[in-house]
Every structure is written in structure tokens, then in C-alpha cells.
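Full structure from sequences and hints, please.
As they're listed, the protein sequences go chains A, B, C and D. First residue of the first sequence: 1, per the working numbering; consecutive thereafter. First residue of the second sequence: 1, per the working numbering; consecutive thereafter. First residue of the third sequence: 1, per the working numbering; consecutive thereafter. First residue of the fourth sequence: 1, per the working numbering; consecutive thereafter.
Treat the hints as calculated values from the structure; they're not laboratory data. Hints may be right or wrong, so weigh each one.
[Claimed, not checked] Not everything, but these chain A residues come out facing chain D in the computed CB check (under 10 Å):
#1 HIS22
#2 PHE24
#3 ASN29
#4 LEU30
#5 SER32
#6 VAL36
#7 GLU37
#8 ALA38
#9 GLU40
#10 LEU42
#11 PHE45
#12 LEU48
#13 ALA51
#14 ASP55
#15 LEU82
C-beta atoms are modelled at their ideal positions from N, C-alpha and C, and glycine is treated no differently.
4 protein chains.
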Amino acid sequence: MPDSLAELAKHLRQFNADRDWHQFHSPKNLASALVVEAAELLEHFQWLTEAESRDLPPEKRTAVGAEVADVLLYLIQLADALGIDPIAAAQSKLQTNAQKYPVERARGTSRKYDEL
Amino acid sequence: MPDSLAELAKHLRQFNADRDWHQFHSPKNLASALVVEAAELLEHFQWLTEAESRDLPPEKRTAVGAEVADVLLYLIQLADALGIDPIAAAQSKLQTNAQKYPVERARGTSRKYDEL
Amino acid sequence: MPDSLAELAKHLRQFNADRDWHQFHSPKNLASALVVEAAELLEHFQWLTEAESRDLPPEKRTAVGAEVADVLLYLIQLADALGIDPIAAAQSKLQTNAQKYPVERARGTSRKYDEL
Amino acid sequence: MPDSLAELAKHLRQFNADRDWHQFHSPKNLASALVVEAAELLEHFQWLTEAESRDLPPEKRTAVGAEVADVLLYLIQLADALGIDPIAAAQSKLQTNAQKYPVERARGTSRKYDEL
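See the structure below:
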């Protein structure tokens, strides 16, 4: 089984080619599908308290795991369609965030960087 | 720099601990943040045609890459908070999808598995 | 000023015609814009506790009001583009919900109707 | 049946009071539910072309109407919980938009106001 984002991307490319799905997988459509899956994930939490969300029963955790997978798979396909390396993009964003949220000013607050 | 989902998760755990952000990062809140970032990604495509979305100018592609990173980073944090392995969840979903969408019936159609 | 959904729909139709925006306002695109605005609304709440969200400071409440407006305006345009009467659709849904969630079984629980 | 946003808000207040649902209906939770419903609406369009979305078959249009209702009903409840008048908020936003998008500059382009 594919065990990295790059391997998953390769697998999905073949999966979609086999089904002639490239025609449907414009970045615009994949971005829509990504939001739809992210919202299905959120649906599991919408009426829970934060405390309940930190302590899911096993069957709920499994269901949430399936939604995590859906989000990840569409994200990989979208990035692949655009020639974006998600790991490199994440690394770059980590550096940005470290600058935007210095420890001494960001500690213990959820404010956005422009309100710190 | 961290170069896998597992390494990114570890890095983010430390980043958040340094800022005492665990209190804000309930799965419920992380799921909201994930949808918000996915929607920011979609915003780049909302008025584009599908053809335009397949051919982004470089500066737009860079901006989209930053949103891809935001989605991935929240997804990693959410999965980490719940003890979910995103790669394993994705592998499991790939098997499900292969069964739900057999090549001969799914080829060339965007219908859902229950309408094939 | 327009003071009902029907009047707002009429106003928006003219607003868009004046700008030749009909070409961009396919239902597909309007549905994307609707989600994007709904997520901007959610962004205001993502790190708040539920208690904090029930007691917004005035300037935050104003900002949220502007997002409520954005969601409503896109919803009106989408319904108008599809020939859907939102009030009639809401009335129909109220009847469905009354059947799905009878008082005696739904009281005090956030479970979905199929789990009551 | 209630036939305006104000009447719908009143009806929903009673509906929720009868079921003791106020405890779940924090603005934070209602904002999540709103996004979830908006995404369910988008799901109907995600693989359609724009042209197809302008010409829905009747049963699809009915299904979309039910989602329009869900979005509207949560929007009304969220606004009601925050003491926001959605029609007044929409009127205010119409004025803002008229200033941000003057006809002569906005005609025929989907660019944002800060890029006109």
C-alpha cells in the first residue's frame, strides 16, 4: 500500500486514470469536494462540547477517521493537479507561522497575528 | 525540516506546546479551522471556469499552495489530537473506494457509488 | 430599500444585470460563494468557547452581522437563479422537521432523527 | 405558516424551546451547522459543469431546495441568537457593495473590489 503523500498521489493518479475521471477533476471541482468532505468531518462535532470532542467513543473516532481520509485524499489530488508539493508547502508555512506567532507574544492567546 | 506527516505532527505538537495553545485545540475547534481553511482555498476558484482553474498563473498557484498547507497542517493537528494515523486512514479508504467504484461501472461517470 | 427576500432578490437581479455578472453567477459558482461566506462567518467563532459565542462584544457582533448578510445575499441569488422560493422551501422543511423530531423523543437531545 | 424571516424566527424559537434545544444552539454551534448545510448544498453541484448547474432536472432542483431551506433556517436561528436583523444587515451590505463595485469599473469582471 502507498505509505507517503507522494505514493498516495501516484496511486490516485492511476485510480482516476482507470476510471477516466480526469475530466471531472478540475482544481475547481476538487476544491469543492475538499470543502464538502471537511464539512462532513465538522458535522461529527457540531453539537458536541469541546470536552466531548476530546473524548470520542471508539465508533465515532473510526467514523471521523474515514472523513480525515477523505479530506486528505482530495487534498492530495488537488495538490497533484496543480503541481504543488504539500509537504514543501507545509514546511514553508511552518516558517511563516513561526515568524507571525513568536512564542513570547502568542503564548496563551488565540488572537490572530495582526492582533497580537 | 519535518518531511513526513508524522514529523510534521511532532513539530506542530511542540509548536503548540510552546505557545500553550492546547487549550484552544479541541478536535471540535480544529475541525472548524479545517473547514475555514478549505473554504479559503475554494475562494480562489469560485469565479474561475474549470479551464481557468487548470491553468493558474504562477502567483495564484503560490497563493493556493499556502492554503493547501493550511488545510494540511490543521488536518495533521486534528488527526494527532484524536490519535488517528492519516496515512493508515487513507489506505483504508482507498480499499473502500476500490470496492465502491469498480472500474467497469465507474468509468466516465461522476455518479455516486449508490447510483452506479 | 428592499425589505423582504423577494424584494432583495429583485434588487440583486438588477445589481448583477448592471454589472453583467450573470455570466459568473451559475448556481455552481453561487453555491461555492455561499460556502465561502458561511466559513467566514464560522471563522469568527472558531476559537471562542460556546459561552463566549453567546456574549459577543459589540464590534464583533457587527462584523458577524456583515457575514450574515453575505450568506443571505448569496442564498437569495442562488435560490433566484434556480427558481426556488426560499420561504416556501423553509415552510416545507419546518413540516418535515416537526415529523422527524417529535417533542417527546427529541427533547433534550442533539441526536439525529435516525438515532432517536 | 410563517411567511417572513421574522415569523420564521419566532416559529423556530418555539420549536427549539419545546425540545429544550437552546442548550445546543450556541452561536458557535449554529455557525458550524450553517457551514455544514451550505456544504451539503454545494455537494449537489461539485461534479456538474456550470452549464449543467443552470439546468437542473426537477428532482435535483427539489433536493437543492431542501438544502436552501436548511441553510436559511440555521441562518435565521443564528441571527436570532445574536440579536441580528438579517434583512437590515443585508440592506446595509447592499449599500457597501454598491460603493465597492461601481458599475463602470465592475462591469464584466469577477475581480474583487480591491483589484478593480
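Quick rundown of the hints versus the structure:
For HIS22(A), the suggested interface contact is broken, since its CB lies about 13 Å from the closest CB of chain D, more than 10 Å. Below 10 Å, beta-carbon pairs count as interface contacts, and PHE24(A) has one with chain D at about 5 Å; its hint therefore holds. Below 10 Å, beta-carbon pairs count as interface contacts, and ASN29(A) has one with chain D at about 6 Å; its hint therefore holds. At a threshold of 10 Å, the smallest CB-CB gap from LEU30(A) to chain D is about 9 Å, leaving the interface hint in force.
A least Cβ separation of about 4 Å between SER32(A) and chain D falls short of the 10 Å threshold, and the interface hint therefore holds. Nearest Cβ of chain D to the Cβ of VAL36(A): about 5 Å, under the 10 Å cut. The hint holds. About 9 Å separates the beta-carbon of GLU37(A) from the nearest beta-carbon of chain D, less than 10 Å, and the hint is met. Residue-level restraint check for ALA38(A) holds (minimum Cβ-Cβ distance to chain D is 8 Å; threshold 10 Å).
At a threshold of 10 Å, the smallest CB-CB gap from GLU40(A) to chain D is about 7 Å, leaving the interface hint in force. Nearest Cβ of chain D to the Cβ of LEU42(A): about 6 Å, under the 10 Å cut. The hint holds. For PHE45(A), the interface hint holds, since its Cβ comes within 10 Å of a Cβ in chain D; the closest pair sits about 7 Å apart. Because the beta carbon of LEU48(A) sits about 9 Å from the nearest beta carbon in chain D, less than 10 Å, this interface hint is met.
Annotation: interface hint on ALA51(A) violated; nearest CB of chain D at approximately 14 Å, more than 10 Å. Proximity of ASP55(A) to chain D is violated relative to the hint, the smallest CB-CB distance being about 18 Å (cut-off 10 Å). At a threshold of 10 Å, the smallest CB-CB gap from LEU82(A) to chain D is about 17 Å, leaving the interface hint violated.
Consistency note: the structure conflicts with the earlier hints numbered 1, 13, 14, 15.
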